[in-house]
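Protein chains: 2
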Amino acid sequence: MTQKISTESYKGVRDFYPEDLFIQKHIFSIWRSVVESFGYVEYNASVLEDANLYKAKSGEEIVNEQTYTFTDRGDREVTLRPEMTPTVARMVASKSKELVFPLRWYSIPNLFRYEKPQRGRLREHWQLNVDLFGVESTDADTEIISIAYKIMRGLGATDNDFQIKINSRKILNDIYAHFNISEEKSYTLSKIIDKKDKISEDVFRDSIRETIGDITDDFIRVITNNERLIATLGSENENTKELITLIEKLNALGITNIVFDTTLMRGFDYYTGIVFEVFDTNSDNRRSIFGGGRYNDLLDIFGADKVPAIGFGAGDVTAQDFLETHNLLPKYAPTAQVYICVLKDDLRDHAGKLADTLREKGVSVAIDLSGKKVGDQMKIAHKQSIPFVIVIGEDEVISGTYPVKNMDSGDEVKVKMEEIAHIILK
Amino acid sequence: MTQKISTESYKGVRDFYPEDLFIQKHIFSIWRSVVESFGYVEYNASVLEDANLYKAKSGEEIVNEQTYTFTDRGDREVTLRPEMTPTVARMVASKSKELVFPLRWYSIPNLFRYEKPQRGRLREHWQLNVDLFGVESTDADTEIISIAYKIMRGLGATDNDFQIKINSRKILNDIYAHFNISEEKSYTLSKIIDKKDKISEDVFRDSIRETIGDITDDFIRVITNNERLIATLGSENENTKELITLIEKLNALGITNIVFDTTLMRGFDYYTGIVFEVFDTNSDNRRSIFGGGRYNDLLDIFGADKVPAIGFGAGDVTAQDFLETHNLLPKYAPTAQVYICVLKDDLRDHAGKLADTLREKGVSVAIDLSGKKVGDQMKIAHKQSIPFVIVIGEDEVISGTYPVKNMDSGDEVKVKMEEIAHIILK
Chain A
3 MTQKISTESY KGVRDFYPED LFIQKHIFSI WRSVVESFGY VEYNASVLED
53 ANLYKAKSGE EIVNEQTYTF TDRGDREVTL RPEMTPTVAR MVASKSKELV
103 FPLRWYSIPN LFRYEKPQRG RLREHWQLNV DLFGVESTDA DTEIISIAYK
153 IMRGLGATDN DFQIKINSRK ILNDIYAHFN ISEEKSYTLS KIIDKKDKIS
203 EDVFRDSIRE TIGDITDDFI RVITNNERLI ATLGSENENT KELITLIEKL
253 NALGITNIVF DTTLMRGFDY YTGIVFEVFD TNSDNRRSIF GGGRYNDLLD
303 IFGADKVPAI GFGAGDVTAQ DFLETHNLLP KYAPTAQVYI CVLKDDLRDH
353 AGKLADTLRE KGVSVAIDLS GKKVGDQMKI AHKQSIPFVI VIGEDEVISG
403 TYPVKNMDSG DEVKVKMEEI AHIILK
Chain B
3 MTQKISTESY KGVRDFYPED LFIQKHIFSI WRSVVESFGY VEYNASVLED
53 ANLYKAKSGE EIVNEQTYTF TDRGDREVTL RPEMTPTVAR MVASKSKELV
103 FPLRWYSIPN LFRYEKPQRG RLREHWQLNV DLFGVESTDA DTEIISIAYK
153 IMRGLGATDN DFQIKINSRK ILNDIYAHFN ISEEKSYTLS KIIDKKDKIS
203 EDVFRDSIRE TIGDITDDFI RVITNNERLI ATLGSENENT KELITLIEKL
253 NALGITNIVF DTTLMRGFDY YTGIVFEVFD TNSDNRRSIF GGGRYNDLLD
303 IFGADKVPAI GFGAGDVTAQ DFLETHNLLP KYAPTAQVYI CVLKDDLRDH
353 AGKLADTLRE KGVSVAIDLS GKKVGDQMKI AHKQSIPFVI VIGEDEVISG
403 TYPVKNMDSG DEVKVKMEEI AHIILK
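Here the protein sequences line up with chains A and B, keeping their order.
Position one of the first sequence corresponds to residue 3 (my numbering), numbered consecutively onward.
Position one of the second sequence corresponds to residue 3 (my numbering), numbered consecutively onward.
Pulled out of the complex, with its shape left as it was, chain A reads as follows:
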């Protein structure tokens, strides 16, 4: 007990002081406002999941090296969820007979990955998850990508600040088929393509050559040139046609900052069709902000009926990085709208009643309880960024008229109690 306990948080996670949480709440509020405007309803689940949930489809690296998995006292293997898609798939599969499809669902869970903390990658982050279950047509893909676009606009981005890269896993499969590449080698190639932006061009080429040998140069030429790709698959290819339709539908809704990129993979093994990623175009922050895709087969792992699904996940850390890079962070405002100071301690009961009256009118009121001199009380209000102050002395109690001071402008008006709420709320 003599040894002092550390005040530091656990490694790679964040403490959210009110000013920090204010930013996160700003991001959450934009997220909610956009997805709810499309009629999405919120769900949630525990961070604790049976470890088996991640062993089927999440991708090897995530399960083996990057999860927090432990054995509980009842000998169950438990994982702190590293992503939300398996959880939402589990929940939908569990009630697939009762739920009324199509489902528009969203959630803002916290997720855990055991990895070395770095810019944009912490051990815990929050992630907006938006999913549309039960629609196979490109109208669903259009809606999900529209929402992604509107979230960027909602955060304050212009069309020039970001780009939406789109691809289709099915197109890549057609290319593998065109080159007669085996399923096993295709899997290896997909993993190499997924790392393309993180490795040099030479390493990229060499890794592919190790897998498919002589056809490497041809293969790379096709996957890095859209015209050649479309020519190779032929103008009647269903999957390139689907992708073009999707881009046209998005254009019709005014969304034009779209790029078709055959090398866009997304890490997870469960994607089956369209995948997309939102990229920051700012040279200081050129990276993926978030993304998603179609996963029509994921419910199979639960033995449930097939339910087509498409969705995306957008993290709070990358959103905040984006706001910082583009100078879009909100200015902190506290909860309290007015701070009541008292000239004497025994006026605090009167202050309490005034506060209660104002609260009933929807004003957020903090009363000074410091017992300090009135000047110091006002300093507290100022340092806590509270916009209005009322000082109560005996005169105010007798007259029923109160001085309402605007801390920003310094203006003060003396008004009856009934008028205070109006001044503060306007």
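Certain hints may be false.
All copies of an identical chain are treated as equivalent in the list; a pair is satisfied when it fits inside any one copy or across any two copies.
[Stated by the list, open to error] Restricting the straight-line Cα-Cα distance to at most 27 Å, the calculated cross-link-like pairs of lysine-lysine (DSS-like) are:
(1) Lys152 - Lys27
(2) Lys346 - Lys381
(3) Lys6 - Lys172
(4) Lys13 - Lys99
(5) Lys363 - Lys428
(6) Lys363 - Lys27
(7) Lys99 - Lys385
(8) Lys97 - Lys13
(9) Lys333 - Lys363
(10) Lys152 - Lys428
(11) Lys308 - Lys381
(12) Lys97 - Lys333
(13) Lys374 - Lys346
(14) Lys375 - Lys308
(15) Lys57 - Lys13
(16) Lys385 - Lys355
(17) Lys172 - Lys251
(18) Lys308 - Lys385
(19) Lys428 - Lys416
(20) Lys118 - Lys243
(21) Lys57 - Lys97
Because the hints were derived from the structure by calculation, they are not lab data.
We have chain A already, so just place chain B on it with the hints.
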């Protein structure tokens, strides 16, 4: 891969389908609205904490038998927070030089306890934590208990539905001193008194007799009779005077459903003064709903300056039980306010543009993407409890007049696009 994965959640935690989360959000919204009206600002932290944080003050049972504690891959001992008070104390201690006191802080964290799931006690629950740092006077206790009271009223309770029990750890210490009971035996007695409502009167008496022998009957008479207690400590006792002042201040604010109960302990070792608990008076749910108390010494464990503090924690499970028992659960309403159905698939692009226009006016709009017949589309809207439906055919596209149907009343009005938002939002 052939073995199917279970769709069940991990034992003792909950899946929140939209209808379930709706209730939790209703509770959170009342919590936020009350505490923010008092100027409290929100903070947060990770569920992961260094296990050492709980070893100093939380109480033996919680740390040794009831936490989720595991060793991470970097050999750190990590605990999923079982309560928020050590975390908030750590955060305040960490920045005690920079923060502007008094601090009014709240949070709604999820907490974990490894225990047998039962009514009102799950392995994971959410808990409103409200804390006021930096005020030693009873004005702080008054404010915190007022907030607890207003939360009950906010949930829909009348004064008859609940009671606030109040005690002071300092009064109990004075009684121990009066009976010359050693510190070690006092600690044992406090643990027995804490279990009073869970054990029989005989077991209670026998356990105390094992600790203090002959004076048992005298001791029990004093702690179970307020008049005798006050007489025993004398009318000049500072701590009973403080408690009486607190009750008078609460009465002055119109809060009268208060009971002084010397046997009210609260489990945690860190309380130093006033403790209180809100009790449900309904015979079907007679139990503690939530509570809190003063903990002036907790920051000592971090080697920080002393900061007086008082706060409470209120759980979502017990809040929901309270709403159920008292028939106060809210009626589910989805996010979408209007559902747009289409007579033909190729009208969906027109529907998309109409939806975008309505969204800009603040209406939440879901478009039917099911591809089903219009009657079945309307059934989806009905089953998802969406209050309005618009059906678009070629006539509507040509005329620019749309039928807005109120699904509850069955009424339908045909209006121009500009008027739709007005009808739905009013």
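Here's how the hints hold up against the structure:
1. Lys152 - Lys27: both (18 Å within a copy, 24 Å between copies)
2. Lys346 - Lys381: within (17 Å within a copy, 65 Å between copies)
3. Lys6 - Lys172: between (58 Å within a copy, 26 Å between copies)
4. Lys13 - Lys99: between (43 Å within a copy, 23 Å between copies)
5. Lys363 - Lys428: Both: 13 Å inside a chain and 22 Å across chains, each within 27 Å.
6. Lys363 - Lys27: both (24 Å within a copy, 23 Å between copies)
7. Lys99 - Lys385: between (56 Å within a copy, 14 Å between copies)
8. Lys97 - Lys13: Between copies only: 18 Å across chains, 38 Å inside a chain, cut-off 27 Å.
9. Lys333 - Lys363: both (25 Å within a copy, 25 Å between copies)
10. Lys152 - Lys428: between (29 Å within a copy, 26 Å between copies)
11. Lys308 - Lys381: between (62 Å within a copy, 22 Å between copies)
12. Lys97 - Lys333: between (43 Å within a copy, 21 Å between copies)
13. Lys374 - Lys346: Within. Shortest intra-copy distance 9 Å satisfies the 27 Å Cα cut-off; inter-copy 71 Å does not.
14. Lys375 - Lys308: Intra 69 Å, inter 21 Å, cutoff 27 Å: inter-copy only.
15. Lys57 - Lys13: both (26 Å within a copy, 19 Å between copies)
16. Lys385 - Lys355: Cα proximity of Lys385 and Lys355: one copy only (25 Å, versus 47 Å across).
17. Lys172 - Lys251: within (19 Å within a copy, 71 Å between copies)
18. Lys308 - Lys385: This pair counts as between: shortest inter-copy Cα distance 21 Å, intra-copy 57 Å.
19. Lys428 - Lys416: Only inside one copy: Lys428 and Lys416 sit 16 Å apart there, 36 Å across copies, limit 27 Å.
20. Lys118 - Lys243: neither (41 Å within a copy, 56 Å between copies)
21. Lys57 - Lys97: Classified as within: same-chain Cα gap 22 Å, cross-chain 42 Å, threshold 27 Å.
Hint 20 from the list above is the single one not met by this structure.
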